[in-house]
Structure formats: C-alpha cells, structure tokens
Amino acid sequence: MQVEGLRVDIPTPMGMLHAVRGVDLALEAGETLCLVGESGCGKSLSALALMGLLPRAARRSLSRFSFAGEDLQRAGERRMGDLRGNRIAMIFQEPMTSLNPSWSIGNQLEEGWLRHRGGSTALARERALHLLERVGITGATSRLGQYPHQLSGGLRQRVMIAMALMCEPALMIADEPTTALDVTVQAQILHLLKELQREFGMGLILITHDLGIVARVADRVAVMYAGEIVEQGPVARLFSHPSHPYTRGLLDCIPVPGRLAPGERLGTIPGVVSPPIGALHGCQFRNRCSEAEDACATRAFELRELSGGQRLRCRLAAT
Amino acid sequence: MSETLLELVEVHRRFTVSAGLFRGSRTLHAVNGVSLQLRRGEVLGLVGESGCGKSTLGRMLLGLLAVSSGEIRLEGRPLAATSTRDLARRVQPIFQDPYSSLNPRKTVGAIVGLPLAVHGIEADAGAQRKRVQETMERVGLPARFFHSYPNQLSGGQRQRVAVARALVMRPEIIICDEPTSALDVSVQSQILNLLEDMRREFDLTYLLISHNLAVVEHIATRVAVMYLGRIVEEADTAALFRAPRHPYTRALLASVLTPEPGLGVPDTHLGVSYPNPVDPPPGCTFHPRCGEAMPVCRERAPTALADARGRVECHLYANGVK
Ligand SMILES: Nc1ncnc2c1ncn2[C@@H]1O[C@H](COP(=O)(O)OP(=O)(O)OP(=O)(O)O)[C@@H](O)[C@H]1O
Ligand SMILES: Nc1ncnc2c1ncn2[C@@H]1O[C@H](COP(=O)(O)OP(=O)(O)OP(=O)(O)O)[C@@H](O)[C@H]1O
Ligand code: SF4
Ligand SMILES: [Mg+2]
Ligand SMILES: [Mg+2]
Numbered sequence: 001m002q003v004e005g006l007r008v009d010i011p012t013p014m015g016m017l018h019a020v021r022g023v024d025l026a027l028e029a030g031e032t033l034c035l036v037g038e039s040g041c042g043k044s045l046s047a048l049a050l051m052g053l054l055p056r057a058a059r060r061s062l063s064r065f066s067f068a069g070e071d072l073q074r075a076g077e078r079r080m081g082d083l084r085g086n087r088i089a090m091i092f093q094e095p096m097t098s099l100n101p102s103w104s105i106g107n108q109l110e111e112g113w114l115r116h117r118g119g120s121t122a123l124a125r126e127r128a129l130h131l132l133e134r135v136g137i138t139g140a141t142s143r144l145g146q147y148p149h150q151l152s153g154g155l156r157q158r159v160m161i162a163m164a165l166m167c168e169p170a171l172m173i174a175d176e177p178t179t180a181l182d183v184t185v186q187a188q189i190l191h192l193l194k195e196l197q198r199e200f201g202m203g204l205i206l207i208t209h210d211l212g213i214v215a216r217v218a219d220r221v222a223v224m225y226a227g228e229i230v231e232q233g234p235v236a237r238l239f240s241h242p243s244h245p246y247t248r249g250l251l252d253c254i255p256v257p258g259r260l261a262p263g264e265r266l267g268t269i270p271g272v273v274s275p276p277i278g279a280l281h282g283c284q285f286r287n288r289c290s291e292a293e294d295a296c297a298t299r300a301f302e303l304r305e306l307s308g309g310q311r312l313r314c315r316l317a318a319t
Numbered sequence: 001m002s003e004t005l006l007e008l009v010e011v012h013r014r015f016t017v018s019a020g021l022f023r024g025s026r027t028l029h030a031v032n033g034v035s036l037q038l039r040r041g042e043v044l045g046l047v048g049e050s051g052c053g054k055s056t057l058g059r060m061l062l063g064l065l066a067v068s069s070g071e072i073r074l075e076g077r078p079l080a081a082t083s084t085r086d087l088a089r090r091v092q093p094i095f096q097d098p099y100s101s102l103n104p105r106k107t108v109g110a111i112v113g114l115p116l117a118v119h120g121i122e123a124d125a126g127a128q129r130k131r132v133q134e135t136m137e138r139v140g141l142p143a144r145f146f147h148s149y150p151n152q153l154s155g156g157q158r159q160r161v162a163v164a165r166a167l168v169m170r171p172e173i174i175i176c177d178e179p180t181s182a183l184d185v186s187v188q189s190q191i192l193n194l195l196e197d198m199r200r201e202f203d204l205t206y207l208l209i210s211h212n213l214a215v216v217e218h219i220a221t222r223v224a225v226m227y228l229g230r231i232v233e234e235a236d237t238a239a240l241f242r243a244p245r246h247p248y249t250r251a252l253l254a255s256v257l258t259p260e261p262g263l264g265v266p267d268t269h270l271g272v273s274y275p276n277p278v279d280p281p282p283g284c285t286f287h288p289r290c291g292e293a294m295p296v297c298r299e300r301a302p303t304a305l306a307d308a309r310g311r312v313e314c315h316l317y318a319n320g321v322k
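Line order of the protein sequences matches chains A and B.
Residues in the first sequence are numbered from 1 upward in steps of one, following my numbering.
Residues in the second sequence are numbered from 1 upward in steps of one, following my numbering.
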C-alpha cells in the first residue's frame, strides 16, 4: 500500500481543524508499521481515512493512494465497500463500533465472508470456527450462538480479531487493539497477530501509544505530532537514535527498569499540544521544545532523510 | 520492619450478582480472605488482572465499601470504629479517570475544597480558600485555575486537581487506583514525579493499584500480586521482579513488553481458559492456566509460605517442591 499527502480537515466552531496534515505511508506485504503519538494527534483519523470511514463532517484529500497495484485515489464508496472487511480489514479502537449488539457472534463472523465470498453458510461457519480457535477461544462452537454483551472484554477483542481475519486480508489496520486488556492477554493477542502475519504475509498498521508494544511488534515506526509525521524509520534505529525532540521526550518519559534508579525522576515534556486549528506556520512542537530557535516559528520543515532509513522533520535535520 | 499503618485481617467481600434471567442470583467472592499490611512510608504496589478485586480492596480501605467478614485496622483500631471524618483525614483516594472522577459543574477551587467543606475542617471561608490555593500551588496548578471548570483543563491538569483534592486533607495514606492509566505517557511521567515529590514532602504512604508493571517497578517499594480475590505473592519490588515465585507472577512479568526492539512478543504459555469469578475452580484457583499444576493443585487450596523473601501461596512452595 502506498499513500501520499493524506489530509483530513474537520470544521469546528474555532476554525478548521487540520487533523491530518500531509501524511505519507508505505507498507510492504508482511510488514508492520506502527503509528505512535499522543492522544488526539490524528492516528485514528488517518486510519479511518484509508478505510473510507471518516466522520461525516470530515474532508479527506490525498495525492496518491494505491493498494495492491490498484489506484484507489478516486475509488467510490462501492469499491471501498468491496475491499473493506475483505482485502483490507480494521480492528477499531472502540470494540462496540464493529460488533452489532443484537447479532450473534456466529452471524457477525459469517456475514463478511458470505457478502464477499458467497458460498454456503456451512463453509462460512467452518471458517469462523477455525478462526475462533486460532485466536484462542476455547469451546468455539458454543460461542457462535452468544451475543457480544455475554463476552468479557478479552474475548470480545479476540472475536473482533477473528472477524477481521475472516477473508484473509492483505492489510490489517489495528487501532489500539489491546489497550483495554490485561498485559497477559495483550501479549497473547500480539503474539497471535505476529504469527498470523508470518503465515498469510499480511501487512499490519498498528496504532498505539504504548512504546513497549512498538518496540516489540514494529518493523518500522512513524511518530505523529499534531497531525504530521515528525519522525519515522526502522524500529531499532528509532529506539537507538531517536532524533526528533518529541520522540526523544517520549522515550525519556517512560520508566525503563535499569535505566533509572527506583523512584528517580522521569523525563517530562512540558506544556500541552495545541490543536492544529486555522492557519498554521512553523513547527507545531516548538512551544514545548527545548531545541526551538526562531526559525522553528516560521519555517515549515520537510521530512528529511537521515542515515539508516530514518527521516526527520525538524530544524535539526534542515541544515 | 517499619510500623503497620493499615492492616487487613482475613478480609472477605462478597457481591450478589444475577446469574441471568430466571436463574436467580449467585455470590461473587471479589475479595476472598486477604491479609495484608500497609507499612508507614512504603509504596505498596497492587497488581493483578482485571476483575481480580484490586479496586474492591481499595474501596474497603477507604471506607467506601463495608467488608463482608474479617477486619480492617488503622493503626490497630478497627476501621468500623473510626468516624468517616477521622478516616477522611488520614486516608484519601486518587482514582483513574480524571474525566469522570471530577464534577464537571464545579470549579477547581470548589472541587479541591470539597473535602474540607464536607468534613468541616476549616470553618472559616478565608482559611479554607487559602489552604486550597496553597495545595493547588504545591501540585503545580496555577492560581488562575481556581475558577476554571474541569473541561477547561488538560488531562494532566485534571489529574493534578485529583491529587490536590486528596492532599488538601493532609492525609497520611493515599490509595491510588490506576492514577495514570488514562493519561498519555508524557502526562503520566509528570503525575508520577508529582506523586513521588508529594510522598517525600509529606511523608505519605501509598497503595498503588496499577496495570502498568513498569510504573509499579519504578515507584513501588513492595508489591502484592492478586489473583481471583487472593494475594498470591508478596515481596519487595526488586526481589519480586528479579525472581518471581508464583507461576502467575512469572507469567505476568513475562508478558511485560519492555521497550527493547528485537525481543519480539513473548509466548506467555498461559492457557486462555479465563476463570469465572462466580464459579471459581476448585483447589488452587490458578490451576487451569498453570503450566506447573500438579494433581494436588486441583484438589486443595495451597497454604501460604511466609519467609524472608516474602509470601507466596502455591503448592510448589508449600510442599517444599521448590
Ligand atoms: N468527528 C470528529 N469531529 C471533530 N473532531 C474530531 C472528530 N474525530 C476526531 N476529531 C479530532 O481530530 C483530532 C484527531 O483525532 P484522532 O481520533 O485521530 O486522534 P488519535 O491520535 O487517534 O487519538 P487517541 O490516541 O486519543 O485515540 C483530535 O483533535 C480529535 O479531537
Ligand atoms: N458492586 C458490585 N456488584 C457486583 N459485582 C461487583 C461489584 N463491584 C465489583 N464487582 C465484581 O468484583 C470483582 C472484582 O472487581 P474489582 O473492580 O475489584 O476488580 P479490579 O481488580 O479492580 O479490576 P480492574 O483491573 O478491571 O479495575 C469483579 O468480578 C467485579 O465484576
Ligand atoms: S523544529 Fe524546532 S521546535 Fe520543532 S522539534 Fe525541531 S527543534 Fe524543536
Ligand atoms: Mg485514536
Ligand atoms: Mg479496578
């Protein structure tokens, strides 16, 4: 998949919110890209824009959008509907947005398959059972007749993953798939996703703000701030050579055993994000940045190539 | 060993839950015989999976929920015999969600001052206001927020309001129930630093309930691990993280994804058969998911082994296997 110049604008009473501002993403088969950044930076809206599922008021524009050799830039709702839940699947941040409370688990799992692949219900059921077992649900047969509210959070999340996998998608977008889960369940689910990815060669875009997950799951990472990618690169490189002041700040904020003595002060990023509303100029991080200089207030920086496949949007890269 | 401030002795808490239409009601044993001590000056981390009873335990310590049986003692005196005012002066909460735990229709000044007003601590309005402003300043809330409403503040500022509200009573003990789970990491670190500063400045004792084991390892001095209503292991933080003993503790620590690229996602080897809390498994309640379960684990609940390293409740240790 290749996306260039993705923008999402939403009108608000305070002016136009530029929620996503020129995001480029590229993903190869079998690869995992993690999108990180603090709450409100535009991760979910980027994902929803690619799925063609933006809120009504939002406006999307992009200069390029191709998927498996097909140009989707001007694809209509009909074509996107064919791809959704079929070739491209999404696990939503809010579990209940994708589960219908009044449908049984079995019906929901089978529905996508029957719509996209047709064939007999028996075949769809067989596939549903197979996947429920794969996501580690014991007694899968008895689960088919249950309803979402009868399942625990962990089980519901597994059902959503099974549902997203029904048609063996080439691309999966998972928006905070494990945030609400216990660490043990989280590890189990991420382990499973990686396993399935190896098997099917599925591409995975994983949205999270947990840097531990990023380190363990990603091949490449894109760090977003106020609607833009401010730094991206291979995961090992990003953790060993974080270059954007925001990325460095984030990594200093998390307690890492061994790096700090117990109870020692953690790093902080002063201030808060100002939402990208109205006419914007300069680097949006500048009011929180310890490296900021006059140029940061006026110049718009491009994402510049550093060594090792890393790219940085900051005056520090713009010599 | 330092002095015990709060003590739970064989505490149980049961809830009656409906088992579904026409099936009557059943008993859920949320806290199932917990004996635990909170010692002056320590930060006791309480960890365990969702629904294991952590918040129920915290609410009982705050006097917000009665025990079904057993006893809680505050410096040796039964909590049941302590007035709510005295309890509020000594034990205060900080809850998870700064969005829902603050009244949206009250100003920051009123929210922080509420405990004083409710318990009639500073009768004089001027003195009350002064104390609120001092406390706000201490937690890094500028005085201009005094007349602001919660929705005008950022998540981090709201959690500072919650910290100020707890501190305004000048308590000795703070029960922190997931104090940073709803926050971004950049805000989480500010609040954790603040909690640590306040603890030093005011000689506070914390019970820290958290899902985030990196946070617990960083600020707790001792850790208690809970599983299905019981404390299954207790040890000093360094010892627990270096050499966890209970199989559940080991699985829990193995699941922590530290920010180290290249290590991949571990296989926890934990079964997926989540226990049903209204119908817990017999014997050791962890046995259906335990990789080391022995025949005895299905039959008898293990007795605790207490030694120099702490306390562990598992047949592997009780029988001298390990
Ligand atoms: N339907 C909407 N109407 C108006 N603004 C919206 C809407 N949906 C999102 N936004 C705003 O767009 C911005 C980006 O939101 P988005 O949901 O993409 O954030 P996010 O990075 O996914 O955050 P989180 O980590 O909290 O999920 C935020 O400022 C949000 O308030
Ligand atoms: N008022 C209540 N009525 C019935 N059951 C309850 C009540 N409060 C808690 N429970 C049940 O008691 C058990 C323990 O709940 P508790 O909230 O203490 O768990 P927890 O360890 O804090 O979980 P989490 O990590 O998800 O916050 C759960 O099974 C819960 O459903
Ligand atoms: S561009 Fe300037 S303000 Fe922005 S991150 Fe770089 S140094 Fe800081
Ligand atoms: Mg989101
Ligand atoms: Mg809780």
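In case anyone wonders, no lab produced these hints; they're calculated from the structure.
Don't take every hint at face value.
As the list claims (entries may be wrong) - Take a look, some chain B residues computed to stay more than 10 Å from chain A by CB distance:
1. Glu49
2. His211
3. Ala214
4. Ala251
Unchecked claim - Examples of chain A residues toward chain B, derived with CB under 10 Å:
5. Gly154
6. Val272
7. Val273
8. Ile277
9. Gly278
Each residue gets a CB set at the ideal place from its N, CA and C atoms; glycine is no exception.
Worksheet item: Are there hints from earlier that the structure breaks, and if so, what are their numbers?
Response: Hint check: 1, 2, 3, 4, 8, 9 fail, others pass.
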